[in-house]
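Trainee: Single-letter residue listing:
2 protein chains.
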Amino acid sequence: MNGAESLARTLLAAGVDTCFANPGTSEMHFVAALDRVPGIRCVLGLFEGVATGAADGYARMAGRPAATLLHCGPGLANGLANLHNARRARSAIVNIVGDQATYHAPLDPPLAAETATWAAPVSKWLRTALAPAEVGGLAAEAVQAASTPAPGVATLVLPSDASWGEGGIARGPLPVPGPATVGAATIDAIVRVLRSGEPAMLFLGGMALRAAPLADAHRIAAATGARLMAETFFARMARGRGRFAIECLPYNIEPGVAALAGVRHLILVGADDPVTFFAYPDMPGRFAAPDAEITVLARPDEDAPGALARLAEAIGAPPLAPPEATPPAPATGPVTLEALGRSLAALLPEDAVVIDEGITNGFGLYPPLAAAAPHDLLRHVGGAIGQGLPLATGAAVGAPGRRVIGLQADGSALYTVQALWTQARERLDVTTVILANRRYAILDRELAAVGAEPGPASRALFDLADPAIDWVRTAGGLGVAAERAGTMDAFNALFAAANARPGPFLIELAMP
Amino acid sequence: MNGAESLARTLLAAGVDTCFANPGTSEMHFVAALDRVPGIRCVLGLFEGVATGAADGYARMAGRPAATLLHCGPGLANGLANLHNARRARSAIVNIVGDQATYHAPLDPPLAAETATWAAPVSKWLRTALAPAEVGGLAAEAVQAASTPAPGVATLVLPSDASWGEGGIARGPLPVPGPATVGAATIDAIVRVLRSGEPAMLFLGGMALRAAPLADAHRIAAATGARLMAETFFARMARGRGRFAIECLPYNIEPGVAALAGVRHLILVGADDPVTFFAYPDMPGRFAAPDAEITVLARPDEDAPGALARLAEAIGAPPLAPPEATPPAPATGPVTLEALGRSLAALLPEDAVVIDEGITNGFGLYPPLAAAAPHDLLRHVGGAIGQGLPLATGAAVGAPGRRVIGLQADGSALYTVQALWTQARERLDVTTVILANRRYAILDRELAAVGAEPGPASRALFDLADPAIDWVRTAGGLGVAAERAGTMDAFNALFAAANARPGPFLIELAMP
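Residue numbers (this note's numbering), protein chains in the order written: chain A, 537 to 1048; chain B, 537 to 1048.
The hints are simulated quantities; they were obtained by calculation from the structure and are not laboratory data. All of these numbers come straight from a predicted model, not from anything done at the bench. Take the hints with a grain of salt, since some may be wrong.
For identical chains, the list gives no copy identity; a pair is met inside one copy or between any two copies.
Stated by the list, open to error - Simulated pairs of lysine to any residue, SDA-like, Cα-Cα distance not exceeding 25 Å:
#, residue 1, residue 2
1, K660, D837
2, K660, L643
3, K660, P836
4, K660, P863
5, K660, D644
6, K660, A781
7, K660, E1019
8, K660, F998
9, K660, P904
10, K660, D553
11, K660, A759
Next comes chain A alone, as it looks inside the complex (with noise of 0.2 Å):
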């Protein structure tokens, strides 16, 4: 067996039976070991941040890893941001990036780069295999170190000679311990803390936004009065009618601020002290008060929902029944921010996994979408923005059954438009909704904060309507069928049509 060959063998027992790729010479006796080993999917992404952003969005439906199969650095640099942001959003992925070999690497051939260099500040493991005999083994540490809490991404860089020289031995997997438990002594803490009748927020993050651990939140809140607050960008949050709603941490500084203004407890529930996007001249960096107190019930790694539970029981917080919500009527009319959220609330399919990179749109859709069935919402933790369409796809590799709707702006979903592609290959069910306002419109009002006026530079470089994207072109060029939509009534048409429909489909809707 080759080294190529004990890495299929160790991935697939270790359960990691997808592998998102975008091969290379490099990988080519991976690829051959793939052919001779039946049960791993491959799906090819037509550019290397498909691959990566597909492996988070996978991995935050499926709840394990999958692969990525990278080629050489160039290949990996291409996926590095949405590894960034698998990084942020606590993602498992194994990436791994076939290389050249050891011996030919030192002549310093064409595509020869600092791959271990640009994998480290995205990998919370990163190895080379120097020979076929260690492939299998460094395979079940990255599968276990991916998986353990806190996830993230482990990176295996495989030169060409370890893949395809014989001595490789297939590992069993390594065993991945569940997140550690909260002390009692925490608990016992935060109860005082409750208890003292000092203004108290619950700032929950990470796994405490899962459905069982907000209704629990919700308890300790109405026993206590204490106030509850999501951070501004999560991995995953469980949403929808019958579920209890949590308000996000807005993301501009001054409402943030405001949002946390009296606050006197800080508790941090699966969540980081939430600080400032970017720095601005003569703003905090962080957004909880100064005097504020930071205290931990359950940090990234611990057991958020068994803490929240236990801390519900402590206090003695009853049971609290499910809220009820009513959908409202999909709008009509012309195209609104609101009106949209009105009709996505009225029309979201049951079930289905949202995925917001709707950026300066993405913020009005939160609060409608409350009352919308039962969903689960992704959202983008890291910043890099091109997340948005390779997340929709990973995430219905992960969740095979439910429909993705992707809330996407079109400045940010021309970074990784590629995915439009896989999504049609692999026939996934996906509805992008491209919310075309043709402009870098964050930036607009990033310009406006600095105090200027819009000039010529700035006019070339936030502007997106000449030429304008035809975005049914686009979609159609990769194999995605694709309508615009100029009304909320021609969009509640499509919607519906599209989520009704296998496969994926594309609506671009003329924002104002």
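Chain A is already provided as a structure; the job is to place chain B on it using the hints.
Mentor: Same frame as chain A, now just chain B:
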């Protein structure tokens, strides 16, 4: 003056008047400064790899650096593959990466990443401006470092507080030395080698592939019997009727080794000792015979054209009349690689800039283009695919008035397809010919080289026909008019018409 304005003024003073940009929030003060400082042309790319690849193409044609403007670590990451290519091509680029404020980065906001770590492997010069007063001086150093032989990527990381803070100082340009003159002893040594009677080859790369040094190399060859060969992949070569043609080292190992077999003295002229792109089991990693003696006439940072002229004089090689060549008639009938070569040779516009990212088809087009009208041929030096469309975009900006012809494999075109939009926006005179074989055809060959039969994984990963990419719709969606050609007659008509009209056009040519 703030740091951002000192950057704009310093770049302009040093002759950097073009900026390929994909900015974000942290770059707003620089964008605002560009609005106040007229004279810098801002060219927007909808993906960072478009901006960095365009800066490479610009440098190859204009002979001086453009700036890029990228957003934080992940934005840089998206541009790394084409910066890798630019590094290998020795193209001067002033690579400006906006980043988190110095005091905000330690809070680890979502978009924070190890920007300098990622930049280092592609950068010949790398600094981070820590205060506004440093920005102008570092910008002047960056232009100098990028331009000094051998040119390369100079990366200036610009934290937003260094950008917005007052105290910026605009600096004048720093001196840029020309290439070092080759010593007389080296010329004498090469004369002795060439007169030894032992089989010798001048192996040319870099600046030695311009028209005058190619003519001098042919003088030397005619007078001494030395053979001539060019590196497989080069940044720019003067070609076409009336110019001296040179054979390229083949890409594949067996023909490449055969081409250098029997060469006792391999004399490097602006080129490196050639090594294979990848290692293969039991195959050599260098092309030269093990007993060949490597001699250097000119290192890449030395004056290779001057050295060849002096060598020709020292040998007393008489001038040669420029070769004559008659253009063939365009091919008619079915599309074949040979027919395409003939039509291109017949119809290439005078003084065109030809970009070759044809991959499996590109090698076959090299010989026939020797009979085309005079042109510059730009090849893909670093091996990271997805360079062709951006390179064409930047070459058109850097060589106004000349038609740019992109010979583009379909697989690699997808990586940076967003470049088409920039071509449309800037009304660039680019004709893209998509060589649509609907395969990662090079991987078919590589899998066969491994000795494996195609199975389910390789079928899933190499085939681009399910769904077929419709290039006419995709290009049209991005604003570039396009047509499909299924015969050489149709291609001839489209190609001639495309080159006669202003602005970009794309031809999807169905390859067998």
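Trainee: Run every hint past the structure and note whether it holds.
Mentor: Now the hints, each set against the structure:
{"no.": "1", "hint": "K660 - D837", "in the structure": "within (13 Å within a copy, 40 Å between copies)"}
{"no.": "2", "hint": "K660 - L643", "in the structure": "between (30 Å within a copy, 19 Å between copies)"}
{"no.": "3", "hint": "K660 - P836", "in the structure": "within (14 Å within a copy, 39 Å between copies)"}
{"no.": "4", "hint": "K660 - P863", "in the structure": "neither (43 Å within a copy, 59 Å between copies)"}
{"no.": "5", "hint": "K660 - D644", "in the structure": "between (28 Å within a copy, 16 Å between copies)"}
{"no.": "6", "hint": "K660 - A781", "in the structure": "neither (32 Å within a copy, 52 Å between copies)"}
{"no.": "7", "hint": "K660 - E1019", "in the structure": "neither (42 Å within a copy, 48 Å between copies)"}
{"no.": "8", "hint": "K660 - F998", "in the structure": "neither (36 Å within a copy, 31 Å between copies)"}
{"no.": "9", "hint": "K660 - P904", "in the structure": "neither (37 Å within a copy, 51 Å between copies)"}
{"no.": "10", "hint": "K660 - D553", "in the structure": "within (21 Å within a copy, 41 Å between copies)"}
{"no.": "11", "hint": "K660 - A759", "in the structure": "neither (39 Å within a copy, 61 Å between copies)"}
In terms of the numbered hints stated before, the structure departs from hints 4, 6, 7, 8, 9 and 11, listed from lowest to highest.
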